[in-house]
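*Asks:* Given the sequences, and given the hints that come with them, work out the whole structure.
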Amino acid sequence: HQHDICDKKCFEREHACESSSSSWRRRGATSRVRMSTPTGTVTDATEVLALTLEKPLGLILEESEDGIGGVIVQEVNEGGSAYECPAKDRLVQSKIGSVMKEDVTTLGFDDVMSRIIDAPSPFEIEFIVKASEGEVSEGSEGEEAPTYEVGSTVSILVQQPAETKKPDITLEAKVGDNLRKTLLDHGEIELYRGLKKKLGNCGGGGQCGFCAVDLVDDEGVWGERSDYEAKMIGRKGDPSSRLSCMNNIVGPCTVRTL
Numbered sequence: 001h002q003h004d005i006c007d008k009k010c011f012e013r014e015h016a017c018e019s020s021s022s023s024w025r026r027r028g029a030t031s032r033v034r035m036s037t038p039t040g041t042v043t044d045a046t047e048v049l050a051l052t053l054e055k056p057l058g059l060i061l062e063e064s065e066d067g068i069g070g071v072i073v074q075e076v077n078e079g080g081s082a083y084e085c086p087a088k089d090r091l092v093q094s095k096i097g098s099v100m101k102e103d104v105t106t107l108g109f110d111d112v113m114s115r116i117i118d119a120p121s122p123f124e125i126e127f128i129v130k131a132s133e134g135e136v137s138e139g140s141e142g143e144e145a146p147t148y149e150v151g152s153t154v155s156i157l158v159q160q161p162a163e164t165k166k167p168d169i170t171l172e173a174k175v176g177d178n179l180r181k182t183l184l185d186h187g188e189i190e191l192y193r194g195l196k197k198k199l200g201n202c203g204g205g206g207q208c209g210f211c212a213v214d215l216v217d218d219e220g221v222w223g224e225r226s227d228y229e230a231k232m233i234g235r236k237g238d239p240s241s242r243l244s245c246m247n248n249i250v251g252p253c254t255v256r257t258l
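Just so it is clear: in the sequence shown, position 60 is 60 by the working numbering, and no numbers are missing.
All the given hints hold, so there is nothing to weed out.
SDA-like cross-link-like pairs, simulated, lysine to any residue; straight-line CA separation at most 20 Å:
| # | residue 1 | residue 2 |
| --- | --- | --- |
| 1 | LYS174 | TYR148 |
| 2 | LYS196 | LEU184 |
| 3 | LYS101 | ILE72 |
| 4 | LYS231 | CYS202 |
| 5 | LYS101 | ASP118 |
| 6 | LYS198 | GLY209 |
| 7 | LYS181 | GLY203 |
| 8 | LYS197 | GLY187 |
| 9 | LYS181 | GLY251 |
It is worth saying that the hints were derived from the structure and are not from the lab.
*Replies:* Structure (structure tokens):
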């Protein structure tokens with residue numbers, strides 16, 4: 001009986017969260033994995049999967065019965081931003097570790113849901129998942145896909161349009177950092193070209209499309225862009241174009257500013 005009540009509460013809370021948020025989805029393919037957390041709940045068999053997700057998440061949550069507290073992901077529903085993440089299958093039966101860097105592993109169900117509802121969109125959320133032994137890239141039997149540890153340094157070659165008369169620049173960036181912020185941190189790179197982009201950009205909220213860049217080469221580790229990115233970039237955009245604000249760095253790449 002208690003399980004049924006929890007299921008009902010979970011549905012009502014998740015529905016409230018989804019109905020109060022904006023309708024667009026954030027690309028969930030970008031993830032960061034680390035092996036430590038302040039809660040001490042990570043073991044040799046688990047790790048922390050850190051995501052930046054837009055509401056609605058599309059998660060069905062249930063109160064944890066481990067005697068510690070927190071909530072467990074029971075389902076990942078199509079239509080939410082979590083479903084766009086390549087690691088969505090790993091989220092099922094995972095425990096939410098933190099919301100906006102706040103440890104929620106010992107909080108009650110209502111408190112965790114309040115943290116999620118009150119968080120901005122997009123926001124940072126961490127899941128305690130089973131440790132991965134490495135993934136195999138699609139279409140390549142036995143061939144391991146390249147992976148890069150969060151915090152490790154990778155090279156990003158930034159190509160700039162010829163008309164800007166600005167040279168190509170190679171950056172040393174950290175895996176897990178936001179691509180837009182990384183580009184803006186280097187004054188030699190003109191991400192927003194022209195007054196319209198400079199004055200009219202949304203500040204990294206994923207709603208203007210002005211921070212788009214062409215992903216020229218990603219060594220096969222960046223994954224597919226989301227449907228939302230394709231819609232914002234429009235038909236005139238290159239199929240390789242990405243919204244830099246909606247992509248965290250997952251490995252070395254070559255990008256071209258527009």
